[in-house]
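Generate coordinates for the entire structure from the input sequences, incorporating the hints supplied.
So the chains spell out like this:
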Amino acid sequence: MEKTLKELAESVGGEAEGDVQVRIKGVSGIKEAGVGEITFIANMKYIGELASTRASAVIAAPGIDVGGRPCLRAKNPYFAFAKVLTLFTPKKKFPTGVMDGAHVSPEAHIGRDAAIYADVFLEAGVKIGDRSVLYPGVYVGDGSSLGADCIIYPGVVIREGVKIGDRVIIHGGAVIGGDGFGYATDGGKHFKIPQIGGVVIEDDVEIGSNAAIDRGALEDTVIRRGTKIDNLVQIAHNVVVGEDSIIVAQAGISGSTELGRYVVLAGQVGLVGHIKIGDGVQVGAQSGVMNNIDAGETYLGSPAMPHKEFLKIQAALRKLPELRKRVIYLEKKLEKYTRTEE
Amino acid sequence: MEKTLKELAESVGGEAEGDVQVRIKGVSGIKEAGVGEITFIANMKYIGELASTRASAVIAAPGIDVGGRPCLRAKNPYFAFAKVLTLFTPKKKFPTGVMDGAHVSPEAHIGRDAAIYADVFLEAGVKIGDRSVLYPGVYVGDGSSLGADCIIYPGVVIREGVKIGDRVIIHGGAVIGGDGFGYATDGGKHFKIPQIGGVVIEDDVEIGSNAAIDRGALEDTVIRRGTKIDNLVQIAHNVVVGEDSIIVAQAGISGSTELGRYVVLAGQVGLVGHIKIGDGVQVGAQSGVMNNIDAGETYLGSPAMPHKEFLKIQAALRKLPELRKRVIYLEKKLEKYTRTEE
Amino acid sequence: MEKTLKELAESVGGEAEGDVQVRIKGVSGIKEAGVGEITFIANMKYIGELASTRASAVIAAPGIDVGGRPCLRAKNPYFAFAKVLTLFTPKKKFPTGVMDGAHVSPEAHIGRDAAIYADVFLEAGVKIGDRSVLYPGVYVGDGSSLGADCIIYPGVVIREGVKIGDRVIIHGGAVIGGDGFGYATDGGKHFKIPQIGGVVIEDDVEIGSNAAIDRGALEDTVIRRGTKIDNLVQIAHNVVVGEDSIIVAQAGISGSTELGRYVVLAGQVGLVGHIKIGDGVQVGAQSGVMNNIDAGETYLGSPAMPHKEFLKIQAALRKLPELRKRVIYLEKKLEKYTRTEE
Numbered sequence: 001m002e003k004t005l006k007e008l009a010e011s012v013g014g015e016a017e018g019d020v021q022v023r024i025k026g027v028s029g030i031k032e033a034g035v036g037e038i039t040f041i042a043n044m045k046y047i048g049e050l051a052s053t054r055a056s057a058v059i060a061a062p063g064i065d066v067g068g069r070p071c072l073r074a075k076n077p078y079f080a081f082a083k084v085l086t087l088f089t090p091k092k093k094f095p096t097g098v099m100d101g102a103h104v105s106p107e108a109h110i111g112r113d114a115a116i117y118a119d120v121f122l123e124a125g126v127k128i129g130d131r132s133v134l135y136p137g138v139y140v141g142d143g144s145s146l147g148a149d150c151i152i153y154p155g156v157v158i159r160e161g162v163k164i165g166d167r168v169i170i171h172g173g174a175v176i177g178g179d180g181f182g183y184a185t186d187g188g189k190h191f192k193i194p195q196i197g198g199v200v201i202e203d204d205v206e207i208g209s210n211a212a213i214d215r216g217a218l219e220d221t222v223i224r225r226g227t228k229i230d231n232l233v234q235i236a237h238n239v240v241v242g243e244d245s246i247i248v249a250q251a252g253i254s255g256s257t258e259l260g261r262y263v264v265l266a267g268q269v270g271l272v273g274h275i276k277i278g279d280g281v282q283v284g285a286q287s288g289v290m291n292n293i294d295a296g297e298t299y300l301g302s303p304a305m306p307h308k309e310f311l312k313i314q315a316a317l318r319k320l321p322e323l324r325k326r327v328i329y330l331e332k333k334l335e336k337y338t339r340t341e342e
Numbered sequence: 001m002e003k004t005l006k007e008l009a010e011s012v013g014g015e016a017e018g019d020v021q022v023r024i025k026g027v028s029g030i031k032e033a034g035v036g037e038i039t040f041i042a043n044m045k046y047i048g049e050l051a052s053t054r055a056s057a058v059i060a061a062p063g064i065d066v067g068g069r070p071c072l073r074a075k076n077p078y079f080a081f082a083k084v085l086t087l088f089t090p091k092k093k094f095p096t097g098v099m100d101g102a103h104v105s106p107e108a109h110i111g112r113d114a115a116i117y118a119d120v121f122l123e124a125g126v127k128i129g130d131r132s133v134l135y136p137g138v139y140v141g142d143g144s145s146l147g148a149d150c151i152i153y154p155g156v157v158i159r160e161g162v163k164i165g166d167r168v169i170i171h172g173g174a175v176i177g178g179d180g181f182g183y184a185t186d187g188g189k190h191f192k193i194p195q196i197g198g199v200v201i202e203d204d205v206e207i208g209s210n211a212a213i214d215r216g217a218l219e220d221t222v223i224r225r226g227t228k229i230d231n232l233v234q235i236a237h238n239v240v241v242g243e244d245s246i247i248v249a250q251a252g253i254s255g256s257t258e259l260g261r262y263v264v265l266a267g268q269v270g271l272v273g274h275i276k277i278g279d280g281v282q283v284g285a286q287s288g289v290m291n292n293i294d295a296g297e298t299y300l301g302s303p304a305m306p307h308k309e310f311l312k313i314q315a316a317l318r319k320l321p322e323l324r325k326r327v328i329y330l331e332k333k334l335e336k337y338t339r340t341e342e
Numbered sequence: 001m002e003k004t005l006k007e008l009a010e011s012v013g014g015e016a017e018g019d020v021q022v023r024i025k026g027v028s029g030i031k032e033a034g035v036g037e038i039t040f041i042a043n044m045k046y047i048g049e050l051a052s053t054r055a056s057a058v059i060a061a062p063g064i065d066v067g068g069r070p071c072l073r074a075k076n077p078y079f080a081f082a083k084v085l086t087l088f089t090p091k092k093k094f095p096t097g098v099m100d101g102a103h104v105s106p107e108a109h110i111g112r113d114a115a116i117y118a119d120v121f122l123e124a125g126v127k128i129g130d131r132s133v134l135y136p137g138v139y140v141g142d143g144s145s146l147g148a149d150c151i152i153y154p155g156v157v158i159r160e161g162v163k164i165g166d167r168v169i170i171h172g173g174a175v176i177g178g179d180g181f182g183y184a185t186d187g188g189k190h191f192k193i194p195q196i197g198g199v200v201i202e203d204d205v206e207i208g209s210n211a212a213i214d215r216g217a218l219e220d221t222v223i224r225r226g227t228k229i230d231n232l233v234q235i236a237h238n239v240v241v242g243e244d245s246i247i248v249a250q251a252g253i254s255g256s257t258e259l260g261r262y263v264v265l266a267g268q269v270g271l272v273g274h275i276k277i278g279d280g281v282q283v284g285a286q287s288g289v290m291n292n293i294d295a296g297e298t299y300l301g302s303p304a305m306p307h308k309e310f311l312k313i314q315a316a317l318r319k320l321p322e323l324r325k326r327v328i329y330l331e332k333k334l335e336k337y338t339r340t341e342e
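Each protein sequence line maps, in turn, to chains A, B and C. Residues 1 to 342, numbered by this note's numbering, are exactly what the first sequence covers, in order. Residues 1 to 342, numbered by this note's numbering, are exactly what the second sequence covers, in order. Residues 1 to 342, numbered by this note's numbering, are exactly what the third sequence covers, in order.
Be careful, since some hints might not be right.
For lysine-lysine, the following PhoX-like pairs were computed, each having C-alpha atoms within a straight-line distance of at most 25 Å [what the hints assert, rightly or not]:
#1 B:Lys31 - A:Lys333
#2 C:Lys312 - A:Lys319
#3 A:Lys333 - B:Lys325
#4 C:Lys192 - A:Lys319
#5 A:Lys163 - B:Lys31
#6 C:Lys319 - A:Lys332
#7 A:Lys192 - B:Lys3
#8 B:Lys163 - C:Lys91
#9 C:Lys192 - A:Lys45
#10 A:Lys336 - C:Lys332
Simulated from the structure, these hints should not be mistaken for laboratory data.
Right, here's the structure in full:
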């Protein structure tokens, strides 16, 4: 596929500038791009590379000097880049229907043009929406449903009683609806509490490889629309994650904790159970959150605290050995001084 | 199923109080419960909800004022709740025998009424106990054995030389018996050390989704009876975990470390290798344990220390920037004062 | 199999000492070893056990007093032990060819004596090298290739566009080539950026159970020759890991970060994105690395710092509550003193 810069700008909603008839057939990084490719400046750190790029055009925000090159101007150049790249990325063609070697309950319902690969196992009452793709080795338990246009990569386990919306992507090996980690301990023995809640995954959620999202104890675990979850993330029973949140790799959320909308948890963050995290909260990498956080706050540290406080404490901490010496010096000075005086 | 409060109390070992003939058909949370359901007060935080619950009965400890409602009195109300919920949760019926599409070695032995789903693969010498269930996509390697009444969820990998007891539950995607991470480094190259030990998982152990428990190097890795392991936990070669321990999600235990009984490791805890953790030790979330811990201690922090010390240091740390200012003030004051005096 | 000590020494490149004709038929730990077995002293901590071991011979470095026992002297006794153990560990025999129940595209190419188990799924254009073993439930996507003598354990997912070298071992449930976690956020919505890079895994790499290695965004993610990656490790898009590095369990590397050769990341370490870690860098357990690290450095802490600085700060931190008291005492003393003087 090839498009003129003008056509591209029209497709993604920006303005073409300079030689708008230049033909573009692909997208690449600023260093790697060649003739016929468009590149982008999303991070001012890389603006110095612009002079030497071989790209035929560049995506940039208004006001950035691109030295007269053909340019696609966009307020959010990274978003424009993502849309241009999507345009140039061919969509994989899937074989439709149920392949030989798949195990589909006669009481399951498969939507139109869905792709059910070999070694998929669908239990009774399962519903798969139109055009959804289930790669080899996917298991879907009793009565669970997937909406339309989902992509479920190989080896994903979806247990019984899970409701998944439209356009959900689940990467390889993720487990949705495993039993929550709940026991009643009596006389030192841990008695398993049946986990009879389900999991609700709303539209446009993406879940990373080998992530684990447990089913609820009595009520459901819920991941709301548009939220993106990275690899190896742990989400415990009865957690609720609000819309359009971002949970980076290896983060973990303990039972019954509730996140608002637009929350960002960086990598390896841990949240204790039964707390509430407000809308738009950002938590820095490896932080450990022990208490509720109000909307809009940025937290850092283990235990986590407001990030300005964290930075102050870290700065003081780096100088702690020196502070210690200064106190010892003060002690000696005062000691000597008061002795002289006495 | 429906039971009177009296029958319930008899089943789970508590005392019925008030209208003991009230009929109960389910269990629910205190806010969600409706007529015909029983709820529970295990945490005094929720006692305020009692006035407005629509539940027909409540499980509570002796002495708690339930305002005259029908009540199941139990010393450990959470345990009573778990037993009542188990009573009301229907047991899933499994198809018994070996399903079409399973791959079972002629030299494997399958117990009575076991359920071997499609796409299960059992190598030579495998033994599966009576009534155990192996969901689709489970692999069991040469000579490994499972006891009776186990549930092995989809995609679990059990390598060769693994011995699993009775009533063991392993959640989706967990890998038992992967090679330990052992190399001899010579001239900068890492030479793989064969990992010829096995794994022993005793009775009543539960292992979470996508957990990894490595086989031993020369001897076995051992998880003792009644221990519960959460999702995404890492257990390295030659680790021994004692009875009735709890290891929360994303915790990791390095090679040859030994845990006693009743140990609790909270989420994302890390333990270095070759240390001993005594009976009943509790380690707080995200802690990093570098040394042996004596029985009964509670540890916190990275590096971990006794929790009282950790709390003191944290309190002092929060005030460190202020302490720094106070030292600077002292320095100035003393400077000024001694200068005046000189 | 049985070998004399002399034969063993010749095989692994050391010197036999004492009764060089003693017959050895296995290897064991110093406590567990019996007659006919050889054991090793790699760690001086265990030298006290030497007097009571029942082993018929011992592997030890030159100069270690083994009390006249038959001894295999080697400069690197742990490496010699690994080679002796490899010698005594029988190689598993695999059935060769494509087993019933495997799903192999007519456009895939399988090397000589490769073993393709049941429920393996190979898409079009896949190439599998000679003698490589793919256990049940392995998926390999369009156009991906594996070299010779690889072992791919059950349930591994290898997506499209992945190039794997020779003698690579991938443990159960690992996912190679899942989409990188990349979104362009516009108006609060996260728009998925196609991840069109691949993954390159060079020769002699080993990857642990349930690890996740994402495909690149535009360019490839690369794991260079000889690097060993433990269980549950996360490697994000466009990361480059240099040769002969060691990445311990549950560590995570964020996008576009580059590691040199001989880097060691201990367990649960986290690295932010877009940084460079020099050759031979060692990062202690649970550390969080926020910035570039020069070659040869050892870092520790979250945020990570040079380990000597970390140890100084930790020592000072343990005495911080006491330091606080000393400052309060100084304040009182100076207050009292200056008051007296005024």
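Hints, one by one, checked against the model:
1. B:Lys31 - A:Lys333: violated (65 Å)
2. C:Lys312 - A:Lys319: Distance ~10 Å between Lys312 of chain C and Lys319 of chain A Cα, so the pair holds.
3. A:Lys333 - B:Lys325: holds (19 Å)
4. C:Lys192 - A:Lys319: violated (43 Å)
5. A:Lys163 - B:Lys31: With a Cα-Cα distance of about 23 Å, the restraint between Lys163 of chain A and Lys31 of chain B holds, given a limit of 25 Å.
6. C:Lys319 - A:Lys332: Cα-Cα ~18 Å, so holds.
7. A:Lys192 - B:Lys3: Cα-Cα ~22 Å, so holds.
8. B:Lys163 - C:Lys91: Holds, because 21 Å separates the two Cα atoms, which is no more than 25 Å.
9. C:Lys192 - A:Lys45: holds (23 Å)
10. A:Lys336 - C:Lys332: holds (16 Å)
The structure does not agree with the numbered hints 1 and 4 stated previously, though it agrees with the rest.
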